[in-house]
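Residue numbers 1 to 534, in this note's numbering, belong to the letters of the sequence shown in order.
Among the hints, a few may not be true.
Distance condition first, Cα-Cα at most 25 Å in a straight line; then the derived SDA-like pairs of lysine to any residue [said to hold, decoys possible]:
(1) Lys-312 / Thr-291
(2) Lys-26 / Pro-186
(3) Lys-173 / Glu-190
(4) Lys-26 / Gly-239
(5) Lys-223 / Ser-159
(6) Lys-488 / Asn-397
It should be emphasised that the hints constitute simulated quantities derived from the structure, not laboratory data. Quantities reported herein were computed from a predicted structural model and do not represent experimental measurements.
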Amino acid sequence: MGTAADERAQAEQLARRYRAEFADLKHFKIQHELLRTVPVELMFRYNFVPLEMREDVLLIAVSDPSKLMVLDEIAGLLGKRIEPRVATLTQITDLLKKTEQSQRVLEEASEGLTFDVLTGEDNQDENISIEKLAGDEDLSPIIRLVDTTIFTALERRASDVHIETYDDSLLVKYRIDGVLQPAMAPIAREHHQTILSRIKIMSELDIAERRVPQDGRFRVRYKGRLIDFRVSIMPTVHGENAVLRVLDKESMSEKFRNLNLDVVGFADADVARFRRYIREPYGMVLVTGPTGSGKTTTLYAALNEIKSDEDKIITIEDPVEYQIRGVTQIPVNEKKGLTFARGLRSILRHDPDKILVGEIRDAETAQIAINSALTGHLVFTTVHANNVVDVLGRFLNMGVEAYNFVSALNCILAQRLVRTICTHCMHTVQHSEEMLVQSGLEPAEWRDFEFREGSGCIECGGTGYRGRTAIHELLDLTDPIRELILDKKPTSEVRKLAQKEGMTFLRESALDRVRRGLTTLKEINKVTFIEASR
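Hey, can you work out the whole structure from these sequences and the hints?
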């Protein structure tokens with residue numbers, strides 16, 4: 001910390017020498033009204049910050065009070081008498097950065113956003129358009145800021161907007177293709193309460209309550225379609241944070257109308273086998289992976305392929321994310337006591353042929369799902385586990401009868417999402433041997449391979465990636481594998497046998513995507529475990 005202290009000592013010395021006061025700007029409260037009266041480019045050109053106005057004298061902080069000419073010039077340009085205070089250059093530039101950003105962010109909050117925030121369920125009479133809220137003409141800068149943030153999030157295909165509070169600033173980030181990216185320069189901390197209140201008003205939450213988490217939702221009309229936002233507000237050490245989840249149902253249902261397993265990104269061998277299992281008359285098809293790994297999308301794609309007028313397909317989900325025509329979908333409602341288990345029991349009385357259970361979280365749901373699979377229904381479901389083999393342990397630990405579980409299962413599919421390289425800025429690179437070895441690749445085989453990467457361009461927001469594709473591993477429950485599980489053999493043996501039977505694991509599926517030039521080595525190392533070369 002020597003440097004900051006030295007700089008401060010120097011500034012104090014200068015202040016004494018020129019009989020000016022020393023100003024410590026560390027905890028200085030920016031006066032936005034005053035700042036507006038001074039052109040930003042002036043402050044940058046002469047490196048000063050206006051501190052306060054005393055009668056007709058403007059106090060400003062400069063780092064070098066010896067430049068009297070400069071002070072005269074500032075006085076002339078502003079047409080005010082000036083009294084200098086001395087501050088360190090670092091503090092002045094930090095402050096300038098902050099003020100300029102807050103100013104710019106607030107002023108540039110883009111004009112002409114036509115946004116309607118809709119309250120209530122589709123109640124068209126009650127559409128409050130954002131303009132009306134703000135007393136028409138003069139949109140408050142904060143309202144504009146929040147609207148711009150939402151608007152930009154939609155333009156940049158973000159799935160979530162994160163608003164994070166720190167002791168001195170507010171950060172806004174977008175999650176795009178599963179990775180967080182800063183949305184704009186940090187915003188000064190004093191706007192925090194106003195921004196959060198605005199979000200709470202839109203989501204019909206309690207503005208006065210700041211100590212407990214709150215959840216709400218609002219709807220926005222954008223480019224002629226309705227988009228839902230799920231809002232979650234959480235108190236933290238420095239104040240409240242907010243996360244807005246974008247649920248773009250209409251663009252999704254566009255995608256989902258033509259959704260099939262080819263779109264999901266399966267390898268040919270896997271998709272042929274998976275298609276066989278989803279067309280079985282009964283049994284359980286289990287998809288596993290962490291949150292946000294596209295499990296639901298894969299199951300919807302499967303339902304889309306097999307739905308027909310002859311079959312009754314019922315789903316129970318939390319929440320129903322996309323609506324599929326020809327499928328009966330039931331949303332879980334914990335508050336009212338409609339849990340997965342209870343909903344699933346009632347579904348069975350509705351005479352379904354095929355059932356989708358959004359997620360198996362507890363032994364009771366697992367039990368009913370397995371029983372339904374054994375009594376002649378085809379059951380699709382998801383469970384959180386890391387890979388295909390862990391699923392078995394997960395179920396058996398829930399206290400499910402191993403024999404029933406194994407007889408009910410048709411197959412287990414594990415999946416992850418990897419980001420695909422942006423086609424606009426793709427180029428080839430070669431990796432060092434060290435990198436290859438660290439990634440568990442055989443240098444001899446991969447040495448001359450031309451890996452692809454994206455350099456980052458305007459299309460992909462500088463990340464080098466645009467869009468995602470899925471990687472899979474699919475375990476067939478063949479008789480030998482069923483026997484191993486029933487004999488309570490360790491999972492490593494199940495893996496070995498599966499491999500012998502020709503199962504490809506997630507890592508191999510990921511390497512295949514690299515080989516086909518769809519994604520980068522870095523990305524797959526982030527998403528899958530590196531297995532030592534066998």
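Okay, the hints, checked on the actual structure:
Our distance criterion of 25 Å between C-alpha atoms is broken by Lys-312 and Thr-291, whose separation comes to about 28 Å. The suggested pairing of Lys-26 with Pro-186 holds, with an alpha-carbon distance near 17 Å, which does not exceed 25 Å. A distance of roughly 18 Å separates the Cα atoms of Lys-173 and Glu-190; the hinted pair therefore holds under the 25 Å criterion. Between Lys-26 and Gly-239 the alpha-carbon distance is near 20 Å, which keeps this suggested pair within the 25 Å criterion.
Distance check on the hinted pair: Lys-223 and Ser-159 sit about 17 Å apart at the alpha-carbon level, within 25 Å; holds. Restraint check for Lys-488 and Asn-397: the C-alpha separation of about 12 Å stays at or below 25 Å, so the hint holds.
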